[in-house]
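Protein chains in written order, with the numbering used here: chain A, 408 to 679; chain B, 408 to 679; chain C, 408 to 679.
For the record, the hints were derived by calculation from the structure and aren't laboratory data.
There's no promise every hint is true.
Cβ-to-Cβ under 10 Å is the rule here; a few derived chain B residues that face chain A [unchecked claim]:
hint: 1; residue: 413
hint: 2; residue: 487
hint: 3; residue: 632
Beta carbons: idealized from backbone N, C-alpha and C, even for Gly.
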Amino acid sequence: MAKRSIVTFLSDYGLQDEFVGVCHGVMLGIKSDLSIIDIHHNILRQDVRHGAIVLQQSIKFMPEGVHLAVVDPAVGTERRPVAIVTRHGEIFVAPDNGLVMPAVNECGGARSAHLLTNRSLMLSPMSATFHGRDVFAPAAAHIANGVEIKEFGPEVPVDGLTGLEIPVAWPHDDHLHAEVLQLDRFGNLQLNFNQRILEEVGMAAGKRVEIRMEGHRLHVAYGKSFADVEVGEFVLVEDSYEKLSLAVNKGDAAARLQAAAGSTIIVGPSVG
Amino acid sequence: MAKRSIVTFLSDYGLQDEFVGVCHGVMLGIKSDLSIIDIHHNILRQDVRHGAIVLQQSIKFMPEGVHLAVVDPAVGTERRPVAIVTRHGEIFVAPDNGLVMPAVNECGGARSAHLLTNRSLMLSPMSATFHGRDVFAPAAAHIANGVEIKEFGPEVPVDGLTGLEIPVAWPHDDHLHAEVLQLDRFGNLQLNFNQRILEEVGMAAGKRVEIRMEGHRLHVAYGKSFADVEVGEFVLVEDSYEKLSLAVNKGDAAARLQAAAGSTIIVGPSVG
Amino acid sequence: MAKRSIVTFLSDYGLQDEFVGVCHGVMLGIKSDLSIIDIHHNILRQDVRHGAIVLQQSIKFMPEGVHLAVVDPAVGTERRPVAIVTRHGEIFVAPDNGLVMPAVNECGGARSAHLLTNRSLMLSPMSATFHGRDVFAPAAAHIANGVEIKEFGPEVPVDGLTGLEIPVAWPHDDHLHAEVLQLDRFGNLQLNFNQRILEEVGMAAGKRVEIRMEGHRLHVAYGKSFADVEVGEFVLVEDSYEKLSLAVNKGDAAARLQAAAGSTIIVGPSVG
């Protein structure tokens, strides 16, 4: 555990307040030469699924290190704080609410997990509501500083960790039953399938597809880029995470369809 | 002054423009291995009191270092730029307008103070409006780099520094005269007292209290967490800085009460 | 190329998503002891001119290093990714769309330029839309890590680089033909001239000037600070980049005039 001097950090704390800065302060107080990468702090408030999706997609671009993630609607209850070591050697520090599990699975799955119960490795006094500052950030920094995981608390079975499944689209005959993973700030809808799955049910880039969603029935170009359609028209394109995304060229697809994360969608061949 | 390689940074510059980034550039140009912790850059514009409250509460979570703070409504006038050394050894760099004094007092009070008048330790030409970039950030970085405080300018008496008092609630018989310290982005109102003071006037968690504020008269649960009350109801809870906070479960207390930082509030026993 | 351990970073990615964080992750994965300075990530979406203006003004406050800039409306087309070495020794990594050229000129002009075509120095697979992550950030980090520019691809003539001219005000008789460079978040309009040019056509601080703009005809104080005029009045003041700025004391000049970046403006002597 020699050179783990990087902590990545994802949360729903926002950047309007001092929450993120205070967590940085706590971590650099423990290990002054730490590098912290702020992946994302605008996860929708208390939306564990949103945090899990972003972390799952981002983790492969992160350097080896300790991955701190805090979206914690059940802070102050019996939910468990944990450190999880993956088969690939990454270490995740988070509440045991599923938040990091899709990312853990991207890193080979969990090899071991320990509870964070050792008070001497937390801030004191510990608040009831800000465990990011008092429990999780100190743990991440201590691990980066070389403290062994087993010092934090008892080992717990990895198959007892709280899971969170991010659904994958389900092919049926000539169409896909899919759903919206997340919206970006432009209203583009990231969907839970990639090009390969779409090709399996017979669709190919360049063709048109029919999309049913939130009461709408759309005939949409399945293109290579936004520029394949006129301004204001819908297009299905691959995003930078190899997921397909439903967008409007220079428009807001989410607003047009009144769609949100989790909205269901059926994608089939266009016969219009 | 060997290993002061951390600068913490608080300002009202916002993150919409290049102001914060330019100050980082200036500091890393002076000391390339500096670590900078951005505590908060969304202090309400020119609101010295808001900055002072956030810095006072955050400072104990920060590592030893140089603490740069810029909320500077009087930039370009005769207000003095200063570096203040505290009894605990922390160094603050800021305009002498009270901004850092509550935090200085958290660090044992001021031991010595020097004006920042040495032009060779500032950027040149110096602008009339951006002393964060031209005066304060260079000073913080030079101090982190080992330049002695006395190199910056003449010593000034610490009892001549501009004070700023953050009022503490005043107990009277069975009630408290208090005020709102600040709002967070969810509309929760942080108040200027802790549990101990409230208990001194006879109130205890689990009971109800009467709150008079902005023409409203509320009977409010004094609870352990938001979940102690129904959605949409008021609750008085301890926040993560050991201050009590008036909140609405999943609602916006500030909007409901038309309250703001500085609003006065009377907290007494509920006889409703 | 020993000690280039700093990368500055400007983009239009915003801070709402994980884009900036992912680019940080990619760079620290290549060089774990890199310092990254985020200059500005709220450049108006796809607005190359806005990015160019901010970078030109910020660059002189940045330490020696690699300067990564990504505002890239033509990503996925034939526009060329380049690394440019300036006569002063700075290195810029960006799309060849003019974005960095005004800043390059601040650094003595381009001395040499190389295309970024070596796939082994990019991420794989490379997305169609996120070249910041897949092409530019890796290049910046590899250069900071000591990889020679010539390893990235063929040299191209510097006079074939795409230029971008930021217009300078044009004096004519007793007045200036000028334009708005950019707005800040308070609605202040940064203009494309400095005090010296204004004095050349006979105007001096303390006098009043006549401004014609967007159908308005204003008689405006040419002052030293906002406080030279009453609240709600217009004032022409020098900003912290030595440019003159049209502002309203405690008001929003852009909203009052319905002005935007690029709006033309005529500044002459006030005869009102």
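Hints violated by the structure (numbers, ascending)
2
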